[in-house]
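*Asks:* The whole structure should be built from the sequences, with the hints applied where relevant.
Below, each chain spelled out in residue letters.
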Amino acid sequence: MDWKRFGFIALIIAILFGTVVLVGHTASSPLVIITSMLATTIAVATPLTLGALSGIFCERAGVVNIGIEGMMLTAAFFGWLAAIYMSAILNISPLPCLFTGVAVGMLSGGLMALLHAVLSITFKVDQIIGGTVINILAVGITGFMNRQLFFEKNSIFGGSVPHAPGVLPRFSFPFLSDIPVFGRIFDQQLITWAAIILVIVVHFVLFKTRWGLRTRAVGEHPRAADTVGINVERTRYINVIIGGMLAGLGGAYFTIESVPSFEPLMTNGRGFIALAAMIFGNWTPFGAWSAALVFGAAQALQIKLQYFRDLIPPQLAFLQISYVVGLAPYILTMLILTGIIGKTVPPVADGQPYEK
Amino acid sequence: MSEPSIVLEAKGITKQFPGVLANDTVDFDLHLGEVHALLGENGAGKTTLMNILYGLYKQDAGEIKVNKQPIAIHSSKDSIGAGIGMVHQHFMLIPVFTVAENIMLGDEGTGINAGFWRRFCALFIDALLLTTAFFLLEFLLNHLGGALLSLVLLPFLGIILAWLYFAGLESSTKQATFGKQAFGLIVTNENGERLSYKVATLRFLAKILSGLPFAAGYVMVAFTANKQALHDKLVHTLVVDVGGGILDRKTVENRVRELSKQYRLDVDPTALVGQLPVGVQQRVEIIKTLYRNANILILDEPTAVLTPQEADDLFGIIRELTQRGVSVIFITHKLKEVLAIADRITVMRAHHDGRSRSHSQGGKKHRQTRR
Numbered sequence: 000m001d002w003k004r005f006g007f008i009a010l011i012i013a014i015l016f017g018t019v020v021l022v023g024h025t026a027s028s029p030l031v032i033i034t035s036m037l038a039t040t041i042a043v044a045t046p047l048t049l050g051a052l053s054g055i056f057c058e059r060a061g062v063v064n065i066g067i068e069g070m071m072l073t074a075a076f077f078g079w080l081a082a083i084y085m086s087a088i089l090n091i092s093p094l095p096c097l098f099t100g101v102a103v104g105m106l107s108g109g110l111m112a113l114l115h116a117v118l119s120i121t122f123k124v125d126q127i128i129g130g131t132v133i134n135i136l137a138v139g140i141t142g143f144m145n146r147q148l149f150f151e152k153n154s155i156f157g158g159s160v161p162h163a164p165g166v167l168p169r170f171s172f173p174f175l176s177d178i179p180v181f182g183r184i185f186d187q188q189l190i191t192w193a194a195i196i197l198v199i200v201v202h203f204v205l206f207k208t209r210w211g212l213r214t215r216a217v218g219e220h221p222r223a224a225d226t227v228g229i230n231v232e233r234t235r236y237i238n239v240i241i242g243g244m245l246a247g248l249g250g251a252y253f254t255i256e257s258v259p260s261f262e263p264l265m266t267n268g269r270g271f272i273a274l275a276a277m278i279f280g281n282w283t284p285f286g287a288w289s290a291a292l293v294f295g296a297a298q299a300l301q302i303k304l305q306y307f308r309d310l311i312p313p314q315l316a317f318l319q320i321s322y323v324v325g326l327a328p329y330i331l332t333m334l335i336l337t338g339i340i341g342k343t344v345p346p347v348a349d350g351q352p353y354e355k
Numbered sequence: 000m001s002e003p004s005i006v007l008e009a010k011g012i013t014k015q016f017p018g019v020l021a022n023d024t025v026d027f028d029l030h031l032g033e034v035h036a037l038l039g040e041n042g043a044g045k046t047t048l049m050n051i052l053y054g055l056y057k058q059d060a061g062e063i064k065v066n067k068q069p070i071a072i073h074s075s076k077d078s079i080g081a082g083i084g085m086v087h088q089h090f091m092l093i094p095v096f097t098v099a100e101n102i103m104l105g106d107e108g109t110g111i112n113a114g115f116w117r118r119f120c121a122l123f124i125d126a127l128l129l130t131t132a133f134f135l136l137e138f139l140l141n142h143l144g145g146a147l148l149s150l151v152l153l154p155f156l157g158i159i160l161a162w163l164y165f166a167g168l169e170s171s172t173k174q175a176t177f178g179k180q181a182f183g184l185i186v187t188n189e190n191g192e193r194l195s196y197k198v199a200t201l202r203f204l205a206k207i208l209s210g211l212p213f214a215a216g217y218v219m220v221a222f223t224a225n226k227q228a229l230h231d232k233l234v235h236t237l238v239v240d241v242g243g244g245i246l247d248r249k250t251v252e253n254r255v256r257e258l259s260k261q262y263r264l265d266v267d268p269t270a271l272v273g274q275l276p277v278g279v280q281q282r283v284e285i286i287k288t289l290y291r292n293a294n295i296l297i298l299d300e301p302t303a304v305l306t307p308q309e310a311d312d313l314f315g316i317i318r319e320l321t322q323r324g325v326s327v328i329f330i331t332h333k334l335k336e337v338l339a340i341a342d343r344i345t346v347m348r349a350h351h352d353g354r355s356r357s358h359s360q361g362g363k364k365h366r367q368t369r370r
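Taken in sequence, the protein lines are chains A and B. Note that numbering that gives the first Met the number 0 has the first sequence beginning at 0, numbered continuously upward. Note that numbering that gives the first Met the number 0 has the second sequence beginning at 0, numbered continuously upward.
Because the hints were derived from the structure by calculation, they are not lab data. Possibly wrong hints are sitting among the right ones.
Said to hold, decoys possible - Straight-line Cα separation of at most 30 angstroms, DSSO-like style, residue types lysine-lysine; simulated pairs:
| no. | chain 1 | residue 1 | chain 2 | residue 2 |
| --- | --- | --- | --- | --- |
| 1 | A | 355 | B | 64 |
| 2 | B | 57 | A | 123 |
| 3 | B | 76 | B | 10 |
| 4 | B | 10 | B | 249 |
| 5 | B | 76 | A | 123 |
| 6 | B | 260 | A | 207 |
*Replies:* The structure is reproduced here in structure tokens:
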């Protein structure tokens with residue numbers, strides 16, 4: 000992570016936070032606004048962070064994964080489905096149901112990744128096409144099953160969605176969350192904590208362990224890895240599946256942590272923004288996380304402006320139209336991908352099937 | 000003059016590619032400490048033969064012997080294991096990795112010397128176990144009363160104490176070993192001499208204070224007859240499989256420095272490979288094979304990418320290697336180089352029907368005088 004990039008990230012976040020402070024300063028103190036913005040930013044950046052980590056695992060091993068979006072959507076649906084099924088059938092307390100939901104979500108993300116791995120590693124299908132297949136398949140499966148299970152007459156739930164077991168509880172970091180104003184930042188839900196821990200874990204795995212060294216070797220120069228006895232295909236398979244499970248965890252965020260319901264297409268392009276975060280972060284976990292925080296801040300801006308909508312002064316009235324602010328993450332993505340903030344270097348063998 | 004000992008022998012190697020018979024019953028042998036040049040025009044099958052020896056291809060027929068033992072080569076792993084190393088014409092190096100990372104790739108070591116992480120893993124497991132023990136204790140206290148409690152609690156405390164004891168004993172760097180006596184254990188030091196209980200207890204306390212590594216395993220160690228075997232197994236599981244997954248760059252870097260000094264290769268293990276000149280990259284490739292204890296070195300067109308000066312340096316390195324008992328197969332186009340370096344020459348020739356055969360030109364005719 001070079002300074003230019005870091006400066007850019009800090010600048011954008013400052014602008015986004017500044018806008019909200021400007022709008023809301025009459026209602027509450029800037030410090031409170033900034034803290035709550037930060038807390039929201041970290042929370043909404045979770046699926047982006049996990050998606051980016053998923054991409055890092057795949058692409059560091061040399062498999063382009065544009066199917067993160069699809070893996071997330073699948074995981075969001077099946078995780079939620081498992082949670083409400085379990086809650087409805089067993090009639091137990093919500094927590095075990097939610098954990099099962101998360102596990103099922105990760106599993107379904109992993110299965111989608113397995114499909115991607117079979118297509119792109121074994122059958123050497125163009126990896127962009129493979130990822131597109133995943134995305135389309137996910138939209139189809141989740142949309143179809145959602146309709147069949149819940150909204151058709153004679154379906155299992157008889158045309159009504161059963162009561163959902165709620166969302167994952169918050170976990171307050173001991174001591175840190177007791178700090179008067181800033182404590183709110185350390186009061187997050189479980190998947191958000193998991194994402195932050197995973198950023199550190201992935202960094203460690205990638206750069207400090209044997210597995211990481213081999214993964215990066217396979218993504219940089221698979222033939223060289225092969226000549227020293229590393230099984231290229233196996234390494235790629237495992238990494239893609241791990242990546243899929245991380246995307247699955249990111250998907251579970253939507254239906255098990257954020258809101259307790261599913262709607263078709265609810266990932267809403269987050270998987271692609273995660274991909275952009277990964278690229279902007281130069282395929283490193285911490286870089287990707289900070290990029291994800293920028294996108295998260297843009298989204299937090301949207302949320303907070305809605306909250307302060309009565310206070311928006313006339314000269315900022317254009318912000319009232321939610322489309323304008325909602326566009327921010329996408330505009331940022333394009334801006335970042337044009338490369339004006341420095342070029343990024345992908346793994347050399349990224350996207351190339353390995354021919355022995 | 001005694002018969003030179005043959006380190007590598009290939010007999011009747013045949014390899015058929017779709018439409019091309021690349022090797023047709025090729026015979027080849029390599030003597031200890033010699034430079035054996037392999038000549039031939041493009042498409043004569045030199046590289047195919049070498050790729051078979053290095054396990055990148057599988058021969059259709061023929062036998063390969065290393066040190067007179069026939070071996071089956073299924074992958075480059077088998078070849079590396081047999082002591083064969085190959086420097087490919089296009090280097091198999093990763094530009095964004097350091098020299099040490101390139102060399103350790105695929106053979107990263109056991110990580111046993113990764114002291115900090117070893118202790119970290121051990122302590123993590125200990126912490127996990129102690130926490131579990133604590134909750135178990137709490138559970139028992141809540142659910143069992145009075146007399147029953149003491150029945151459960153006392154043996155439990157006994158187990159904890161025994162566990163601490165063995166943890167302390169074996170966690171030191173100076174490994175204590177156990178012997179068995181009628182009443183239990185006698186404590187011996189690493190040389191097998193018996194320690195008095197006073198000394199043993201003091202050691203034990205010192206070791207307890209230095210942490211409780213591997214305590215998890217030692218509960219089992221304490222109750223098993225074959226302690227050493229279980230201990231080895233535990234160390235293997237914890238250190239090699241868990242801790243060994245963590246890279247030990249320092250040890251590899253030192254080893255590379257050592258090798259580079261020993262063979263006068265002059266390579267900095269911390270440099271990024273992509274920033275090194277081609278000649279140095281080639282030396283990294285050579286160290287990569289030496290790191291894996293190769294004593295048969297295949298150099299595929301090694302001078303093709305080098306400047307004349309670098310080529311001269313390479314010849315110096317090759318002489319150094321052969322003097323230390325490494326046998327070299329030198330594949331080339333250039334006759335001048337062959338005359339300069341080779342002890343024996345084999346010419347591979349493509350027949351008009353696409354077959355190839357080898358003709359060895361023997362003896363010490365072209366032998367260079369060595370220092």
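*Asks:* For each hint, tell me whether it holds in the structure or not.
*Replies:* Each hint tested on the structure:
no. : hint          : result
1   : A:355 x B:64  : holds (25 angstroms)
2   : B:57 x A:123  : holds (23 angstroms)
3   : B:76 x B:10   : holds (21 angstroms)
4   : B:10 x B:249  : violated (42 angstroms)
5   : B:76 x A:123  : holds (25 angstroms)
6   : B:260 x A:207 : holds (27 angstroms)
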